[in-house]
Amino acid sequence: MQKIFQFLFLAAVVTTLRAEPKWLTKLDEAKAQAQKEDKAVLLDFTGSDWCPPCMKLKKTVFNSSEFEKFAEKHLVLVEVDFPRGKKLKDLSEEQQTANKGLAQQFDVDAFPTVILLDVNGKKLGENRGYGDDTPAQYIQGLEQMLAKQKKTK
Numbered sequence: 000m001q002k003i004f005q006f007l008f009l010a011a012v013v014t015t016l017r018a019e020p021k022w023l024t025k026l027d028e029a030k031a032q033a034q035k036e037d038k039a040v041l042l043d044f045t046g047s048d049w050c051p052p053c054m055k056l057k058k059t060v061f062n063s064s065e066f067e068k069f070a071e072k073h074l075v076l077v078e079v080d081f082p083r084g085k086k087l088k089d090l091s092e093e094q095q096t097a098n099k100g101l102a103q104q105f106d107v108d109a110f111p112t113v114i115l116l117d118v119n120g121k122k123l124g125e126n127r128g129y130g131d132d133t134p135a136q137y138i139q140g141l142e143q144m145l146a147k148q149k150k151t152k
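Take the sequence shown: its position 122, counted from the start at 1, is 121 in numbering that gives the first Met the number 0, and no numbers get skipped.
Hints may contain errors.
What the hints assert, rightly or not - Derived lysine to any residue pairs resembling SDA-like cross-links, with alpha carbons at most 25 Å apart:
1) K88 x L74
2) K147 x D48
3) K35 x D108
4) K30 x K85
5) K55 x L90
6) K55 x D37
7) K72 x K122
8) K35 x Q104
9) K30 x K147
10) K121 x K88
11) K30 x S64
12) K121 x P51
13) K58 x N119
14) K99 x P82
15) K30 x G84
16) K58 x G128
17) K122 x K88
18) K99 x F69
19) K88 x K68
20) K21 x T59
21) K55 x K35
22) K121 x E71
23) K99 x W22
24) K55 x N119
25) K55 x G124
26) K21 x F105
27) K58 x E71
28) K85 x F69
29) K30 x P20
30) K88 x K72
31) K57 x L76
32) K88 x M54
33) K25 x D131
34) K88 x F69
35) K99 x S64
36) K57 x A102
37) K88 x E142
No lab work stands behind these hints: they were computed from the structure.
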């Protein structure tokens, strides 16, 4: 019986230690990392605390182990957040200004908008909104965008 409890405890620890992908907030840092690691940059324009489709995309796709594995191999992740509630206090004025600049630069006027950039910062494609895609379906769409990057190399 004690071995069963030890196994369950270890399984719980391993599950909680699962490496979640790191979301950056600065595009320049992400581009530098993407070039160093030969990865694409995924920009997630989100209203993390007020936008239901944004929250659903994060919960269903971005927090899935399938996406985490995919991102680890292929993506540098950037969250471009536009919170309205308590989270707004956590965002510096500098970050808010930078996020507004990115939204203007990439002509983002709806949330969520996900934009994929190649290692040089060239836009490969975008997804506006979020329906009911499974992680596998969403990843498939990203893979199609990434195929453009491979053609240009």
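Going through the hints against the structure:
no.: 1; hint: K88 x L74; in the structure: 28 Å, violated
no.: 2; hint: K147 x D48; in the structure: 33 Å, violated
no.: 3; hint: K35 x D108; in the structure: 31 Å, violated
no.: 4; hint: K30 x K85; in the structure: 29 Å, violated
no.: 5; hint: K55 x L90; in the structure: 22 Å, holds
no.: 6; hint: K55 x D37; in the structure: 29 Å, violated
no.: 7; hint: K72 x K122; in the structure: 19 Å, holds
no.: 8; hint: K35 x Q104; in the structure: 24 Å, holds
no.: 9; hint: K30 x K147; in the structure: 18 Å, holds
no.: 10; hint: K121 x K88; in the structure: 32 Å, violated
no.: 11; hint: K30 x S64; in the structure: 24 Å, holds
no.: 12; hint: K121 x P51; in the structure: 29 Å, violated
no.: 13; hint: K58 x N119; in the structure: 29 Å, violated
no.: 14; hint: K99 x P82; in the structure: 12 Å, holds
no.: 15; hint: K30 x G84; in the structure: 29 Å, violated
no.: 16; hint: K58 x G128; in the structure: 14 Å, holds
no.: 17; hint: K122 x K88; in the structure: 31 Å, violated
no.: 18; hint: K99 x F69; in the structure: 28 Å, violated
no.: 19; hint: K88 x K68; in the structure: 31 Å, violated
no.: 20; hint: K21 x T59; in the structure: 17 Å, holds
no.: 21; hint: K55 x K35; in the structure: 31 Å, violated
no.: 22; hint: K121 x E71; in the structure: 20 Å, holds
no.: 23; hint: K99 x W22; in the structure: 18 Å, holds
no.: 24; hint: K55 x N119; in the structure: 30 Å, violated
no.: 25; hint: K55 x G124; in the structure: 21 Å, holds
no.: 26; hint: K21 x F105; in the structure: 22 Å, holds
no.: 27; hint: K58 x E71; in the structure: 18 Å, holds
no.: 28; hint: K85 x F69; in the structure: 31 Å, violated
no.: 29; hint: K30 x P20; in the structure: 16 Å, holds
no.: 30; hint: K88 x K72; in the structure: 33 Å, violated
no.: 31; hint: K57 x L76; in the structure: 12 Å, holds
no.: 32; hint: K88 x M54; in the structure: 19 Å, holds
no.: 33; hint: K25 x D131; in the structure: 29 Å, violated
no.: 34; hint: K88 x F69; in the structure: 32 Å, violated
no.: 35; hint: K99 x S64; in the structure: 30 Å, violated
no.: 36; hint: K57 x A102; in the structure: 19 Å, holds
no.: 37; hint: K88 x E142; in the structure: 35 Å, violated
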